[in-house]
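*Asks:* This is what each chain is made of:
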Amino acid sequence: MDILMQLLMSGIALGMIYAVIAFGYQSTFATSGTLNFGQGEALMLGAMVGLSFNGDVLGGPYTNYWLMIPLVLLFGALQGMVVEFVGVRPAIKSKSEFGWIMSTIALGIIFRNVAENIWGRDDMPFPSPLPTAPIHIFGANVLPMELMVVVGALLMMLLVELFNRRSIYGKAVVATSSDRDAAGLMGINTGLVITFSYALSSMSAAFAGVLIAPITLTGASMGAVLGLKAFAVAIIGGLTSGLGVIVGGILLGIAETTTGFYLSTGYKDVPGLVLLLLVLAIKPSGLFGKTTIKKV
Amino acid sequence: MLEIHDLKAAYGQVQVLHGISLNVPQGQVVTLIGSNGAGKTTTMRAVSGMLKPSGGRIELGGKNITGLPAHRIAKIGLAHSPEGRRVFPTQSVRDNLLLGAFTRLTLGGQRPRGDIQGDLEKALDLFPRLRERQHQLAGTLSGGEQQMLAMARALMLKPEVLLLDEPSMGLAPILVEEVFHIIGRLKAQGITMLLVEQFAAAALAVADYGYVLENGRIAVHGPAAQLRNDPKVQAAYLGGAAGH
Chain A
1 MDILMQLLMS
11 GIALGMIYAV
21 IAFGYQSTFA
31 TSGTLNFGQG
41 EALMLGAMVG
51 LSFNGDVLGG
61 PYTNYWLMIP
71 LVLLFGALQG
81 MVVEFVGVRP
91 AIKSKSEFGW
101 IMSTIALGII
111 FRNVAENIWG
121 RDDMPFPSPL
131 PTAPIHIFGA
141 NVLPMELMVV
151 VGALLMMLLV
161 ELFNRRSIYG
171 KAVVATSSDR
181 DAAGLMGINT
191 GLVITFSYAL
201 SSMSAAFAGV
211 LIAPITLTGA
221 SMGAVLGLKA
231 FAVAIIGGLT
241 SGLGVIVGGI
251 LLGIAETTTG
261 FYLSTGYKDV
271 PGLVLLLLVL
281 AIKPSGLFGK
291 TTIKKV
Chain B
1001 MLEIHDLKAA
1011 YGQVQVLHGI
1021 SLNVPQGQVV
1031 TLIGSNGAGK
1041 TTTMRAVSGM
1051 LKPSGGRIEL
1061 GGKNITGLPA
1071 HRIAKIGLAH
1081 SPEGRRVFPT
1091 QSVRDNLLLG
1101 AFTRLTLGGQ
1111 RPRGDIQGDL
1121 EKALDLFPRL
1131 RERQHQLAGT
1141 LSGGEQQMLA
1151 MARALMLKPE
1161 VLLLDEPSMG
1171 LAPILVEEVF
1181 HIIGRLKAQG
1191 ITMLLVEQFA
1201 AAALAVADYG
1211 YVLENGRIAV
1221 HGPAAQLRND
1231 PKVQAAYLGG
1241 AAGH
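Chains A and B are the protein sequences, given in the same order. Under the working numbering, the first residue of the first sequence is numbered 1, with each subsequent residue one higher. Under the working numbering, the first residue of the second sequence is numbered 1001, with each subsequent residue one higher.
Bear in mind the hints are in silico, worked out from the structure with no lab data behind them. Worth double-checking, as some hints may not be accurate.
As the list claims (entries may be wrong) - Footprint (simulated), chain A over chain B, 3 or more residues, beta carbon under 8 Å:
#1 1054-1065
#2 1071-1080
#3 1099-1105
#4 1202-1210
Stated by the list, open to error - Straight-line alpha carbon distances no greater than 27 Å define the calculated DSSO-like cross-link-like pairs of lysine-lysine that follow:
#5 B/K1075 to A/K93
#6 B/K1158 to B/K1187
#7 B/K1008 to A/K95
#8 A/K95 to B/K1187
#9 B/K1008 to B/K1232
#10 B/K1158 to B/K1063
#11 A/K268 to A/K283
#12 B/K1008 to B/K1052
#13 A/K93 to B/K1158
#14 B/K1063 to B/K1052
#15 A/K93 to B/K1187
#16 B/K1187 to B/K1122
#17 B/K1232 to B/K1158
#18 B/K1075 to B/K1122
#19 B/K1122 to B/K1158
Because the structure is a prediction, the values reported are computed rather than measured. For glycine and all other residues, C-beta sits at the position ideal for the given N, C-alpha and C.
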């Protein structure tokens, strides 16, 4: 029983990381119908830049963990704007249906190569800002950093939701998501909204990077698998549902930790992908995806 | 207020507007009538920036707005209640109205701020059905209510010129009457309007001046009263001599 509890707790923490990255996929898909397939690399860059600020890799530490977070968020936002400007905007402008897929993948590979050249190919430990002694919750050993992952992830999604509901700029983002032409008629610069959604998307990934880095290791290749699994979560939960990515993320996280323990770590990626295939076969819009009804 | 000279527009290779000119003077209601496919909606879309014109010149209050993106034209003071209503279905009626005032609420919005809460109340007074439903999601409204929301949302911009594209489309006869009644009230308030309508008789009754569009060209134009009595216009658009 204690072991199961342990697996559930670790699964939830891992799942929330997937949820934050998947949330980033949703944000650009909503406003522009495009996705940044370099999300995993955005996460990796966030973690690497974070490590450069509060680790000793580039002559640091320059700041502590908490001061580093806003700097990494800013970096993530700028990196997302670059991806939008270089990779996505030309594809949208030329009405190329699939150009953005190749260009965002290409940018992701470039970012990984740049990271390998700056920080090397080896994985590095990330200093944990919280005590590394586990605390006991419901009989399970939970790392304080794992709690921080869950709280941080939920807080970020809550803040974005509040922004969307309460502020006129957030309302403009939602309006752009539901009808881009009509939003333009309101005086909303929808091109700018798309840039903003890319900034937000990479910012969430960078945030996920510095949340997970103290638990795992940091390295140029850390993002690829996370980005891909988060994409599966976005599909499982539904590309349009905020609740969907949380549920989808936790489902996948728990599926992985339990399979890893009860079957074999070699199979830990299988249940998530089986889940993905099932969802695609039975409910392609995702567990929480909405099919909108158009009124005539 | 709104002057259109030799406007041309095309969808891909298909030219829809072959150079039309029309003029909407301040404080007047001008209607554009014509059969399906004549280019009425295309004209509206080209004016508001939803579609880039392929030629011609459009001026709003003396400013050249030809080819500007829609959001910049909105900031200069043109509101467009588009064909098919296009309300934001996942947001409340109130949020839809606030979005209509986006150019007044935001930094760099350029429209004078004024009394937004007061204008929101006025809009809800003008459309009492919307007041009852102000906290409902716009997607849950009936077609007629959505039409009223689209009009109210456009008014929230406090526009120099209001474009209304087929405000009566798909509505029950009693609602059509209500919509025209409201257009009459807006005219009395001095709002400059360009109105596209299928109900040519009702449109000519409320308008000061009318243009008849045929195959992307202006076929006839004149004061609304004169068009109503034009035998050719009557035969083609007013259901014979019976009229309204």
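*Asks:* It remains to establish, for every hint, whether it holds in the given structure.
*Replies:* Structure-based check of each hint:
Counting residues of the segment 1054-1065 of chain B whose C-beta lies closer than 8 Å to any C-beta of chain A gives 0; at least three are required, and the coverage claim is violated. For the segment 1071-1080 of chain B, the stated coverage by chain A holds: 5 residues have a C-beta nearer than 8 Å to a C-beta of that chain, and at least 3 were required. A stretch counts as covered by a chain when three or more of its residues have a beta carbon under 8 Å from one of that chain; for the segment 1099-1105 of chain B and chain A the count is 5, and the coverage holds. Using a Cβ-Cβ cut-off of 8 Å, 0 residues of the segment 1202-1210 of chain B lie near chain A, which falls short of the minimum of three, so the contact claim is violated.
Among the hinted pairs, B/K1075 with A/K93 is consistent with the structure: their alpha-carbon atoms are about 23 Å apart, no more than 27 Å. Simply put, B/K1158 and B/K1187 have alpha-carbon atoms about 14 Å apart, close enough for the 27 Å limit, and the pair holds. For the given pair, B/K1008 sits about 22 Å from A/K95 by alpha-carbon distance, which is consistent with the 27 Å threshold. Among the hinted pairs, A/K95 with B/K1187 is inconsistent with the structure: their alpha-carbon atoms are about 41 Å apart, more than 27 Å.
Between B/K1008 and B/K1232, the direct Cα distance comes to roughly 26 Å. Compliance with the 27 Å bound is thereby established for this hinted pair. Distance restraint check for B/K1158 and B/K1063: the Cα-Cα separation of roughly 18 Å lies within the 27 Å cut-off, and the hinted pair is therefore satisfied. For the hint linking A/K268 to A/K283, the alpha-carbon distance of about 23 Å falls within 27 Å, and the restraint holds. Using a Cα cut-off of 27 Å, the hinted pair B/K1008 and B/K1052 holds, with the two alpha carbons roughly 10 Å apart.
For a cut-off of 27 Å, the pair hint linking A/K93 to B/K1158 is broken: about 31 Å separates their Cα positions. A threshold of 27 Å between alpha carbons decides the hint, and for B/K1063 with B/K1052 the separation of about 17 Å falls inside it, so the pair holds. With a CA separation close to 40 Å, the supplied pair A/K93 and B/K1187 exceeds the 27 Å bound. Between B/K1187 and B/K1122 the alpha-carbon distance is near 15 Å, which keeps this suggested pair within the 27 Å criterion.
With a C-alpha separation of about 37 Å, the suggested pair B/K1232 and B/K1158 falls outside the 27 Å cut-off, and the hint is violated. Pair hint B/K1075 plus B/K1122 holds up; C-alpha atoms about 21 Å apart against a cutoff of 27 Å. Taken as a hint, the B/K1122 and B/K1158 pair is honoured in the structure, with Cα atoms around 12 Å apart against an allowance of 27 Å.
Checked against the numbered hints above, the structure breaks hints 1, 4, 8, 13, 15, 17 and satisfies the rest.
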